[in-house]
Amino acid sequence: MLITCPYCGPRDLAEFTYQGDANRARPDPASTDQAAWNVYTYDRVNTLGDHAEYWQHSGGCRAHLKMVRSTLTHAISSVEFVRPHPGHKPSSRRKPGAAP
Amino acid sequence: MAEYSVFSLLRNAFSAQPDWKPAWRKPDPKPEYDVVIVGGGGHGLSTAYYLAKEHGITNVAVVERGWLGQGNIGRNTTMIRSNYLLPQNQHFYEHSVKLWENLSHDLNYNVMFSQRGCLNLANSPSQLDDFARRGNAMRHVGIDAELMSVEQIKAFLPALDINFGGRFPVYGGLMQRRAGTARHDAVAWGYARGADRRGVDMLENCEVTGFLRDGDRIVGVRTTRGEIRAKKVAVAVAGHTGQLMKMAGINRLPIESHVLQAFVSEGLKPFMDTVVTFGAGHLYVTQSDKGGMVFGGDIDGYNTYAQRGNLPIVEDVMSELAAMFPGLARVRLLRSWGGIMDMSMDGSPIITTGPLPGMYLNTGWCYGGFKATPASGWCFAWTIARDEPHPYNAAFTLDRFHRGLVIDEKGQGSTPRLH
Amino acid sequence: MSPRRTNAPGRVDRARSIRFSFDGKIFAGHPGDTLASALMANGVTLFGRSFKYHRPRGVLTAGVDEPNALVTLIRGDVREPNLPATQVEIYEGLEAVSQNRFPSLSFDVGAVNQLGGKLLGAGFYYKTFMGPVIGPLKGTRFWMFCEHFIRRAAGLGRAGTAKDTARYERMNAFCDVLVVGSGPAGLKAAREAAGDGGRVILLEMDPLFGGSARWSGGRIEGTDAAHWVEETVSGLRELPNVRLLSRTAAWGYYDGNTIAATERVADHKREAAKGEPRQRHWVIRAKKVVLATGAFERPIVFAGNDRPGVMLASAAARYASDFSVLPGERIAVFANNDSAYANAALLREAGATIVAIVDMRAAISEDARRLASECGGELLTGHAVVATEGGKGLTGFKVQKFDAATGSLTGDPRVISADLLAVSGGWSPAIHLASQAGAGKAEWDATLQAFLPPKPAQDWTAVGTAAGDFSGGHGLDVAPAPVFEIRAGGKAFVDFQHDVTADDVRLAHREGFVSVEHLKRYTTLGMATDQGKTSNVPGLAIMAEALGKPIPEVGTTRFRAPFSPVSIGAIGAERIGDLRPDRLTPMHDWHVGQGAKMYPAGLWHRPAIYGAPGETVEQAYIRETKATRSAAGIVDVSTLGKIMVQGPDAAEFLDRVYTNLFSTLPINKARYGLMLREDGFAYDDGTTWRLAEHDFLMTTTTANAGKVMQNLEYFLDVYWPDMKVTLTSVTDEWAGASIAGPRARDILASVVAGTAVDNETLPFMGIVRGEVAGVPVMICRLSFSGELAYEVYSGAGHGQQVWDALIEAGQPFGLVPYGLEALGTMRIEKGHVTGAEIDGRTTARDLYLDWMLSKKKPFVGSAMMDREGLVDENRIRLVGLVSLDGRPLNGGAHLVEHNDPTALRDSIGHITAVCFSPSLGKYIGLALVKGGKKRHGTRAYVSDPLRGRFGPVEIVSHHMFDPEGKRMHG
Amino acid sequence: MAEQLSPLGAAWKPGRHNVTGAAPGVVLTETRPGSIVQVAAWPGDEKAVIDAIRAVAGLKLPDGAGGGIATEHKAAFGFAPGKFMVVTQVEGIEAELLKAIPITVGTVTGLSHGRTALRVSGPKAEWVLAKLYAIDFALPAFPLHAGRSTMHHDVFTQIQRTGADQFDLYVFRSFARSFWTTLCHAAEEVGYEVR
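Residue numbers (the numbering used here), protein chains in the order written: chain A, 95 to 194; chain B, 205 to 623; chain C, 400 to 1369; chain D, 13 to 207.
You can take every hint at face value.
Some but not every residue of chain A turned toward chain C, in silico, with C-beta under 8 Å: (1) 95; (2) 124; (3) 125; (4) 135; (5) 148; (6) 177.
Honestly, the hints are just simulated from the structure, not real lab data. Being a predicted model, the structure only gives us computed values, none of them experimental. Even glycine gets a Cβ: it sits at the ideal position worked out from N, Cα and C.
Working from the sequences, and respecting the hints, build out all of it.
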């Protein structure tokens, strides 16, 4: 699998760590709503199809990414930084034709 | 239906095999059953078998969307053991091993359970302490376990590099002699045939598309072969639990579906005669009766329903296997495949009544589903028949997570990829 | 069958000779030969024995699809089993042996299995060997007894136990277009892609590029095909944007257009050059993939079709034209399509006599008829082969009139004498990689009677015969008569290697194993090393016929990686012999130089003891501990995880992740902190030092450093993205030496410049900066050992100088270096917890660390830590233990209340850590037991059946030594 | 101040190894810079940090992910969102950057001891590095002076291209010796010189 890190470009799966389901809302830290904490901690939607999830580019820039990826085909339809980086500009991409 | 024995085999061999009939019937669905079991995998089939055998409930259908045993029962690395740390798992898995020990006779079907042992190698002193804790815990509930010294291991596994290339020396190992392997497909076929002989209907190519409800209560299933009503509906669909339960309106469960890859090498003359695991990485390997080295490692580690893994795990597993058995570097990988694991939030299974009235749930098998097959069906059948769990599966509830009564063998918390 | 070398042109260089051995006999071959071609050139026709029945087998194919001719290569002590002789290039001194036979290939006692043939039909294992239900062989015993022999009879080659000394390497590559296969379709695709200016990689399994176009004749783009190949390949070689890789098999198609391929770099050499890998594992990420993987010819299922001398027609022609080996003198052809006629012509051209062409079809094309008459020999249309004759080699075969529409045989069988039967049952496109790549199913083509690639789910296209386009070759119609089997009685093989016969397929049908996966699993059809390349479609066809359904309704199996078997070493690549990197502290060489015994700790290596000659581990750690408690000791703590937490929100961040408060920590002070997981269980502990208003240095346990860092990054990025905090791993920036003991302060005072280290300047948990040996250091007074102790941090590059200076300064004070064992001893005496107690299942309360749970703020885990399962009174909790029988305790031993060594029951907990306490003069330990503190002062028994130990212990407080902490505060 | 000791120890074996032709395929060096400093900007403050690096080190970083600049004695490159590595031959640049970058703008973290700088140069540099890292080393994909963060199994690495066939690698110090051995091993095929 290749994941296109918004900072580093397309990179091999081996450089990434799955950080889990992004369809979960962490309750307010001060919340004492035990049910909400339980759901957040243990219960998963386990989507078949396009799944929102977190990945860390742990073997690269170490940014956490929020992706939408199909759990059927592994096709990735979107990748973005979880933590906004307003100053970020993608690097210039490779031109074709260079020696392999 | 002919009883299987060496005599019937001989008689048929010299008379053009006339007695061999289908191992199970291919009936049409009846409009209603006492119990409908969704999922014709190992656990669904064993549940049907024990419902009939132990509880006399034979008006049962096993509903399978494809062909029997197409899921993880035919995709695993065939290992069987009860070398668990936590008492809840120990009692359950030991019950399973005991059922395994008599399964071929029970089913009149040779499932080839071979008690060649399971050896966990400790690659650090602290790991050896952990294994001692586990082995002693096993001994205190009546399960066999022994520690093997480095010298014993060397003699037992001459092909092993006892120092793993000098990087991870072996400090000893935890051995369960009664552990072993079985022929995975035969387990599915044996249970199917055994249940069929007791009157259970195997409904293949019958995909569940929804549940029939009476208020909150589940009263049957809607399938591609029509509606089937049932007094009780039991779900044992492993990696597809989440999808099925969504049809019943349950949108979140303490389950994630992950892919686990498994591998087999080309056939070899006997190379080793046990199951062995590598403590400093994650590798388990055995040799099949056909001679292939059968092995696996970690799950790929992300949610998926695709029975297709990726390359990094393949590379990890091969490097660990070659580190363990350097002579295997020149042996060739024959085939790889993937199965969808229902990874629970504590690494332990769920066998319970509910979550809706009229429904029963069996899931969360993580890496451990194959070895559990007999006990899973046995306990699930009990739970379905009596509407309450057997003491063996009393702890495997759905609410244990919220209550903090987790059964966390690895101590990793609610991160399924780490279990 | 009497093959011989010819003078036909081809790849074999007859000017040079190569000597090799097969089963101990020396043969000569030439560069360009495979083991199969070289042996055949020497008249060898028997190559192996089949898996189950041990039937004699020859060569069926000329390529990767070979099911029969498997050999083991031997290089010194290293064995490489199960290689198809058709894939092995010979080299000087090559040593090959045949497999699965005893005592020899020509006389194999295992062949007795043929007599039990019907008994050993599909599924026979499942029906027998259950053994008696009572008596000594009940349970699994009888089966295991039988299994012992079955295992010895099964298997193919024998693996070695010697370490493979070869080198394997991984190579990463990127390209715009990857072309797999270098037949005309692949070459054209590569040429076109190169012309577009993109980076192109072309893979070819064979040593030579060009596929069958090199030898099969015909014309491409108006020129002779072989010449066209030569021109095109040399044109591609000149282009800077094209990489050509021969001997490279693409075997796995993974997500993201990632292709795994294995290059056989040195397998064809007597010895690899220095630094050269035997095989290179290519991982290629391509924007687009062109699959020009060609097609496999299929055998026909008929009685005796496995006899040596029955060969695929294309293989026979290739041996004749490409390898200059005529596989037979008197050759007959048996076909259901036109392609075999072209191959017959090639065989005739190479000098064979074509005695007959047997075609199942009543009517054949004009082209075929013309080729047949050129070949001479009899043309028997509307006929089929019903049996073969000969012993270990073909001498002839029987034919009968055959109606392809009904499958019926009429008339009397007639014998035709021949030494080679070249068969063609049609062609199957090599859709393996396409099938691996996609989510879709292969599509059945009724004309070709074959599966075509599925719809692409990734960016690839299939071209040429792989896509079912056979127009580019000799131009003959390869569409076969839809006949896969001639039913005339006798063993007719579908899967040659696994000895699966047509009757086995029908037995599976009768027993209800009718879905394709059941068929495969029940009969083992297609599960052999050739992965069903020759058997897949015929097997399906026979099942389809039995079911009365069309083939596509029986289905095809999805192909899985690898396409053809790949060395485990190649995929493990450079990690073979170097599984994980070593992590070394700056003082590593010093420890080793001092004779320290090193333990692995994750990837780190840490000193366990610095044993003097003749000293046991226990003697050494007792000595080290005593010296530390009485004078001073020094230990390398560089492995502790260290994370810089910096920024305006750093203090607030720490308050959220730790259970206790850090925002109140003064600058130049440190504090012990505890982290929980989200689920409320204990996670990790360590001290965090406030170096400046916005700068904190967090330490973690050695084992959890990476996990904790990742967890902190997760919280920062995902839940608190607005916090201004930078997290940086500085584990490797700092060397750490912990100096402990009553003389520690004196030692520091004698060596540290630029700061005082007295109690006032450097109180407990205080931090000062100074210099040691001219090197800047940071000193924090904190203690894991319970002694007056200091952690001295310096830049890692200066770690050794500082260590040396401390050692030297310590000499007059009796300073000793100590290792993990003494470190463990002192922490056990003090009751400090580590990973053995914080094992992911314990809570802060279990460890009596609940005093650290702040009630003033929420923190990670605070909402979940009070659930019923976590506060249960029956949980196991931390205690100390003292051995009452004066014997050592063992980690992992359990504790019971009863005093009965034989009653293995009712464990109340287990021991987490043990040592001999020099301070107490007793064997002590830490344990987690039900009830915890409530048991202080009571007696229990260690029960350690694994190590045969049972004996009384007293349960005490885990603070076993200096509970008031006078020493460390002194 | 005392000299920093190399972590490579006895694994450092100067001279030519398996060089068959006139020149080695690659030259391997430990460059031992005086300062390796990580500078991180708060989201939105990248420009201020880039300006500070220019003011202090005289290095003008181009915009864009992984952008870098290198001269003979110093270099800087981006390796993560808002994060930059500044490397100079002279010691003490950390203190100057600290002065120039207030906590309201970002953070400065000294890594002069924690990272080991290794240089791979020569005609086969791309080939040898491609054995270890799953990134595209071709010049158009990895332009001159650009930076990359990647890993070789467990060894996290930052790489800057400092020449057409020259790459500077920054690895964690504790892994340096093991990694160096791996690097030499990978270079053996093409012949290498350690200097």
